[in-house]
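**Student:** The residues making up each chain are set out below.
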Amino acid sequence: MTQLANANASVVVERLRAWNAQAVARVIEYRGETTIVVPRELLRATAQQCKENPALNFNLLSDATCVDRFPVEPRLELNYQLISLPRRERIGLRTSVSSQQPIIDSLVPVWPGANWLEREIFDLYGIRFEGHPDLRRILLPDEFEGFPLRRDFPTEGKR
Amino acid sequence: MSTVETAIGTAKTMVLNMGPQHPSTHGVLRVLLELDGENVVTAVPDIGYLHTGIEKSCEDKTYSQAITLTDRMDYLNPLGNNLVYCLAVEKLLSLEVPKRAQYIRVMMVELQRISSHLVWLGTHALDIGAMSVMLYCFREREEILKIFERFAGQRMMTSYIRIGGLALQTPAGWRQQVKRFLDMMPARIDEYESLLTENRIWQGRLKGVGYLPPETLIALSTTGPGLRAAGVAFDNRKDFPYSSYEEFDFAVPTRTESDCYARYLVRVAEMRESLKLVRQAMDKISDDGPIKADAPGIVPPEREKMKTEMEALIYHFKIFTEGFSPPPGEVYVAVESPRGELGCFIASDGSPKPLRVHFRGPSFINLQALPYMVKGQLIADTVASIGTIDIVLGEVDR
Numbered sequence: 006m007t008q009l010a011n012a013n014a015s016v017v018v019e020r021l022r023a024w025n026a027q028a029v030a031r032v033i034e035y036r037g038e039t040t041i042v043v044p045r046e047l048l049r050a051t052a053q054q055c056k057e058n059p060a061l062n063f064n065l066l067s068d069a070t071c072v073d074r075f076p077v078e079p080r081l082e083l084n085y086q087l088i089s090l091p092r093r094e095r096i097g098l099r100t101s102v103s104s105q106q107p108i109i110d111s112l113v114p115v116w117p118g119a120n121w122l123e124r125e126i127f128d129l130y131g132i133r134f135e136g137h138p139d140l141r142r143i144l145l146p147d148e149f150e151g152f153p154l155r156r157d158f159p160t161e162g163k164r
Numbered sequence: 526m527s528t529v530e531t532a533i534g535t536a537k538t539m540v541l542n543m544g545p546q547h548p549s550t551h552g553v554l555r556v557l558l559e560l561d562g563e564n565v566v567t568a569v570p571d572i573g574y575l576h577t578g579i580e581k582s583c584e585d586k587t588y589s590q591a592i593t594l595t596d597r598m599d600y601l602n603p604l605g606n607n608l609v610y611c612l613a614v615e616k617l618l619s620l621e622v623p624k625r626a627q628y629i630r631v632m633m634v635e636l637q638r639i640s641s642h643l644v645w646l647g648t649h650a651l652d653i654g655a656m657s658v659m660l661y662c663f664r665e666r667e668e669i670l671k672i673f674e675r676f677a678g679q680r681m682m683t684s685y686i687r688i689g690g691l692a693l694q695t696p697a698g699w700r701q702q703v704k705r706f707l708d709m710m711p712a713r714i715d716e717y718e719s720l721l722t723e724n725r726i727w728q729g730r731l732k733g734v735g736y737l738p739p740e741t742l743i744a745l746s747t748t749g750p751g752l753r754a755a756g757v758a759f760d761n762r763k764d765f766p767y768s769s770y771e772e773f774d775f776a777v778p779t780r781t782e783s784d785c786y787a788r789y790l791v792r793v794a795e796m797r798e799s800l801k802l803v804r805q806a807m808d809k810i811s812d813d814g815p816i817k818a819d820a821p822g823i824v825p826p827e828r829e830k831m832k833t834e835m836e837a838l839i840y841h842f843k844i845f846t847e848g849f850s851p852p853p854g855e856v857y858v859a860v861e862s863p864r865g866e867l868g869c870f871i872a873s874d875g876s877p878k879p880l881r882v883h884f885r886g887p888s889f890i891n892l893q894a895l896p897y898m899v900k901g902q903l904i905a906d907t908v909a910s911i912g913t914i915d916i917v918l919g920e921v922d923r
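These protein sequences, in sequence, are chains A and B. Its first residue numbered 6, the first sequence is counted upward by one per residue in the working numbering. Its first residue numbered 526, the second sequence is counted upward by one per residue in the working numbering.
If you are wondering where the hints come from, they were derived from the structure by calculation, not from laboratory data. Backbone N, C-alpha and C define an ideal beta-carbon position, used for all residues, glycine too. Among these hints, one or two may not hold up.
Claimed, not checked - Derived Cβ-Cβ restraints for the label pairs, each shown as a range: (1) B/Leu660 x A/Glu78: 31 to 37 Å; (2) B/Lys801 x A/Ala26: 49 to 55 Å; (3) B/Val569 x A/Ser103: 41 to 47 Å; (4) B/Arg804 x A/Arg133: 51 to 57 Å; (5) A/Arg36 x B/Gln590: 37 to 43 Å; (6) A/Arg36 x B/Gly562: 52 to 58 Å; (7) B/Gly562 x A/Glu46: 44 to 50 Å.
Chain A extracted, bound-state conformation:
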């Protein structure tokens, strides 16, 4: 039994644990926000559960972004922010992938709104989303080389 400061969040964690004990690797509470760390392989199934379990009902994917923890591997850390409109609640999901094999399941089948967010991460970090319907660069030109938001890409650009 996890005791969290946020009572609603502990219900979410308990529900996810009851569904699959492996789904919750760790729970981070920081400044009143709850983030659930999910194993990479279980990301899409957990997301599906968060959306479709009537007790969780996180129907809106608000944001998805990546943090580069260079040089610690697995260095690419994905952060998803979910909102449950019926219950007016927020929660974060987090998982990590390594830069040698930057591949992860796409969440477009769960929330179609993930489409452009994942394209943006693909564009700037080079993470490939398996099952994404249209994985192309979105902000940068197609011929651009490299992934500029990675920490080892110089801010002034490569010359």
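Position chain B against the provided structure of chain A, taking the given hints into account.
**Tutor:** Frame of chain A, contents of chain B only:
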């Protein structure tokens, strides 16, 4: 290119390039339209023409330096961008901002919301062909920009909201100026409505255009007036209050038609609610009091103190040379911008520069709904749909 069945046999579709320099795309949005006659078969938005790497630049600046970059994302809502960024840094630092500063922030972002909706209304009416509305809208927007100039010394890129509070004390004579604006504005909104709301051409161009059911909008992560026009009363100011919004009395206008006309009505109603909020905030703001948190080392000291106290001088020097270091951790803060949920994600590694700053731009996310909105509609309706999504390309591309 593909083929379509028409009344007289099969025909080829045509691909039309709309933008990036098309006036009704509100900046540099390019949309590839596949057309069957005048009907849109598919629409593919192409963005990135205004990408300036703001998020990458933030990683190379101290926390206070990055504020000036946030102004330049959504250039119709610079104060809102300042606010979300500062709230996120303050959350990282666990910094409490004085109530007086919070009320001034509310007043400023609500004025900003009105000015943003005014630009939207004026340019959207221009797209539809009602040319004169723009002149009226920009006339009132000018008054708001004059208020900003009095407060911040700047009309647009104000950087007025700072970490821990505000940049400057309230200026002399601000109350009269804001009050004059509040007294004038309701009649002016009536004026716009008398030009548009019952106008048959306006209704003919907007009613039933760009419809999407609420489930689709939620699935596509749409927020803001677009979602509220579909009957979902989601507003961060009410549902996840920040900056003391819970102390204010205001309504969240909604409609159920979910077409361009409903989005217009929601935005007009929001302007009236914002006026109420500005009036309430003005009553709450005391004549004098602190505008910055008492946090030496984070909030720059007063000029006067720097001349008399050595400590203040040292703090000032340290803030502007090496900055300050929030503890390691990640926060996500969301505010209600005129366009929807504006989010800011900051990851700190305990150094004076952020490890990662990410902005969830509502324009960027809401634009995803465009291909679904315009499918099967006329080219002219595409213009109306782009207009009512209300995108700012500076925020889409960042």
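**Student:** Compare the structure with each hint and give your call.
**Tutor:** Now the hints, each set against the structure:
Checked against the given bound of 31 to 37 Å, the beta carbons of B/Leu660 and A/Glu78, roughly 59 Å apart, lie outside it. With their beta carbons about 50 Å apart, B/Lys801 and A/Ala26 fall inside the hinted range of 49 to 55 Å. The beta-carbon spacing between B/Val569 and A/Ser103, approximately 33 Å, falls outside the hinted interval of 41 to 47 Å. The hint said 51 to 57 Å for the Cβ distance between B/Arg804 and A/Arg133, and at roughly 52 Å that hint holds.
For A/Arg36 and B/Gln590, the hinted distance range of 37 to 43 Å is not satisfied, since their beta carbons lie about 23 Å from each other. Against the hinted window of 52 to 58 Å, the Cβ-Cβ separation of A/Arg36 and B/Gly562 comes to about 55 Å, which satisfies the hint. At about 49 Å, the beta-carbon gap between B/Gly562 and A/Glu46 stays in the expected band of 44 to 50 Å.
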